[in-house]
Structures are given as structure tokens and as C-alpha cells.
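Trainee: Based on the sequences and whatever the hints tell you, model everything.
Next come the chains, spelled out residue by residue.
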Amino acid sequence: MRTVISLKNVRSQFVRDVEEISGEDLLACNQCGKCSAGCPVAAAMDLLPSQVIRMAQLGMTEVLQSRTIWICASCLTCVTRCPKGVDLPRLMEALREISLRAGASEIDLDRLPPELVRELPQLAIVGGFRKYIK
Amino acid sequence: MRKISYYPGCTLSTKGKGYDRSGRAVAAALEVELEELTDWQCCGATFPLATDNSMALLAPTRVLYQAEQAGDRVAALCAICYHVLKRTQTVLERDSAMRERINWFTEQEYGGRVEVVHLLEVLRDDIGWETIARKVVRPLTGLRAAPYYGCLLLRPYDEIGLDDPEAPTILHDLIRALGAEAVDFPYSIECCGSYLTVKEPVVSETLSREIVASARAHGAQVIVTACPLCQFNLDWPQRETAFGRSGDEVPIVYFTQLMAVALGLPEEDWGMDGMYTDPRPLLRKWVKEE
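Chains A and W supply the protein sequences, listed in that same order.
To convert a position in the first sequence, counted from 1, into my numbering, add 1221.
To convert a position in the second sequence, counted from 1, into my numbering, add 5.
Wrong hints could be hidden among the right ones.
What the hints assert, rightly or not - Reference listing, derived: stretches of chain A covered by chain W, where coverage requires no fewer than 3 residues with Cβ under 8 Å from a Cβ of chain W: (1) 1237–1250; (2) 1292–1301; (3) 1305–1318; (4) 1323–1335; (5) 1340–1346.
Keep in mind the hints are simulated off the structure, nothing from the lab.
A quick note: this is a predicted structure, and the numbers were derived from the prediction, not measured.
Each residue gets a CB set at the ideal place from its N, CA and C atoms; glycine is no exception.
Mentor: Shown next as C-alpha cells:
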């Protein structure tokens, strides 16, 4: 896969949107990898959390296709450990929001197992729907 | 009798009734009356991480407004309600422009002054472990209980600040005050998968099984939590299926349920009906001498 890294992409509207929605400075991340090392769901991700930030820094909109942004459970382990104070869960939420605002919907209600829906605590349904559906 | 406003939230009024029941009962046994807010509504169950999503602040602000009418503090039991209310309160306290914006929309003048506390903080800071230890009538001697903190009760530290986010002790201290042994295990602050249970149940089940297996491997007979979503996520994979049960289940109890046993409350106040792994066969061993 060929990837073109250009200043145009680094200063793109996409990067500005991510920073505005998250309230975070993408370039504060120096890629130490502590977030990826401690992420409890990294095994289920296609990109590591630190790779998501790197792609966002470079303005690579392909990052929106990553499963990682939907696997992040906002457990806030990474933000607790980031030596640069980057709030990665806010960046993940910004990437989800950009997708959701463009019409994405990540839960297919018809495919939820009925036995699970019957048993799920209310806050899982309310919270999950707010996080993954617009 | 000390009085404190209480916000149960939606789950404690439905699927998590046992947490509510045991919570009120143990508070009363410690001479704390949890006064339920009148006419409360759901907090929304998620704190918005997008800075421009002020809509998701409306529901928790309405709860805080109700709490402000009733007093200066509000206590929650559900770790997620606690997290959402406390972070919303932090935003409204630090950002007066946001507070004005929300107040303009809700047409309620929330002053931004309510202190949001978790019942665990009331136990630690208002009552104290020694007082609780003195009230114990059934010391849980020999019970090996693993404290499971999860995520939202502790993080982010600069807004929640309930305990050390990497090495918390509040549940350990409570377990010891009840006479039981607090079992350390490496997964006590790892995530159970949270809302992923709705979208990626396989992922959250995998995480939850690892947490339970680790606690079991470290000798835990019971896992203690303060969150109804952790309780569900950890216990659901242990449910009885068409294949039966594995036989090595570890009951997942709320800290209030363990307290109800130790404080000598009757079994109906333990609130343990309908749990996938019934903790009662284990915990009744500490009742038998009566």
C-alpha cells in the first residue's frame, strides 16, 4: 500500500475537525506507545491506539475505516498513563463522531441476540446506543 | 440519622434492584438515610467525550439541578451514574459559558454547586472503616474476596479523584473492615468491555472471562464490584446455558451485598435474587452459627 504523506493532509480540514471535536492537540503525542501497551482491548483491534493517533496526525482519513475506533470502550486506561497528557479516548470519540455525523450506525438492532436484549442492564442499552448509533 | 440525597438511576430501579435494596439497607444500618430525589430521570449513561456535544450534558444537568434543590450533596451507587454526574458537575463548575448555555436550554437555573459522591466515599470519609468494623456482627473471616474496581469509578483521576487510579484501596479497605481477606489480582482495574457488550459481545465476554479467571487463579471465592455493568458483564458469561455450567463460577457481588451479610441483615436485604451465579450458598456459611 502506497501512502502519500503531505503537508496538505497534515493541515487538512479533517485534522482540524478531529482537534476541534476532541479538544486535543494531536501533535502532543510523541508515539511512545504506552497507550497501546496498556490497552485491554488491543487484541481485538486492527490498528493499535498509537497507530490511530499517528494516522490522524498525518491527516490519513483511512483511519475512519478502522475497527479500532469502534472497539475502544472508553475505559480511560490510556489517558491515565499518557506521559504527554493526551486524552486518547476523546480522539477516539472525535473519530466516531465524524463517522456518525456522516451517517454511520454501528449497531444493527435486528442482529442483537434476543436473549441478550432481555437481560442487558438498562444502562448498557442507553449508553451503547448513544455511543454507537446517531 | 445522617441524611443524604440519593440518585438510584435507571439500572438500580430495574435490573439492578438488588444493589439498590442492599445499598439502602446497609446505609440505614449505619444510620445514613438515602433520600431518593423526587421525579428524577436517567443520566444518559455516557459522559460525552466530544467537546461540542452539549446535548448529552442536558440529562445529567437536570439530575444535578434536582439534587441542588434538595441539598448540597448527592450520592450514587451506580459507578456509571456517579461518573457521568461527577464529570458533568466538573464541566459546569469550570465552564460558566457552558453552564449558561445548558441552563438557557433547560430553563432551570443550575448553580453548579452540588457535590457528587459515591456511597463508598460516604463510608470511608463520613463513617470510617473502624466504625463499620465495629458494626460487623458476622465477621467474614476466611472469605477470600477480590476487589474489582473497573474503570469509571476511578478514571479520569483529575475529575473523579475517588482513589489512586492505578493502585486503589477503597474496596480492599472495606473488605478488610468486614473481616474478609482482600485478594489482590492483576485484573482489578482492567476494563470488562463496558458498552461493548451491546455491540461486540464476544470481545466483552473475552475480557470478562479473563478477569474472572484471574481472580479465581488468585484464590478468590467472590468478586466485589460497585458497577452494575461490570456485575452484568462478569456474571453473564457464567450463566447457565444449554451446556449447563462449568462448576467453577465465581459469584460477582456488589460491595453493599457483602456488607449486608456482615452487618447481620436478613437475607431479603442482601438483594441476591436473579443473579446468574448465586452467591448465597457460599455466603450463608457465615450465617449458620445464629
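Trainee: Work down the list of hints and note, for each, if the structure agrees.
Mentor: Quick rundown of the hints versus the structure:
Judged by the Cβ-Cβ criterion of 8 Å, the region 1237–1250 of chain A is covered by chain W as claimed, because 4 of its residues qualify and three suffice. As drawn, the region 1292–1301 of chain A meets chain W at 8 residues by the rule of a beta-carbon pair under 8 Å; at three or more, the given contact holds. With a threshold of 8 Å between beta carbons, the proposed coverage of the region 1305–1318 of chain A by chain W holds, since 7 of its residues qualify and at least three are required. With a cut-off of 8 Å between beta carbons, the region 1323–1335 of chain A has 4 residues touching chain W; three or more are needed, and the interface restraint holds.
Coverage of the region 1340–1346 of chain A by chain W holds in this model, with 7 residues showing a Cβ closer than 8 Å to a Cβ of that chain against a need of three.
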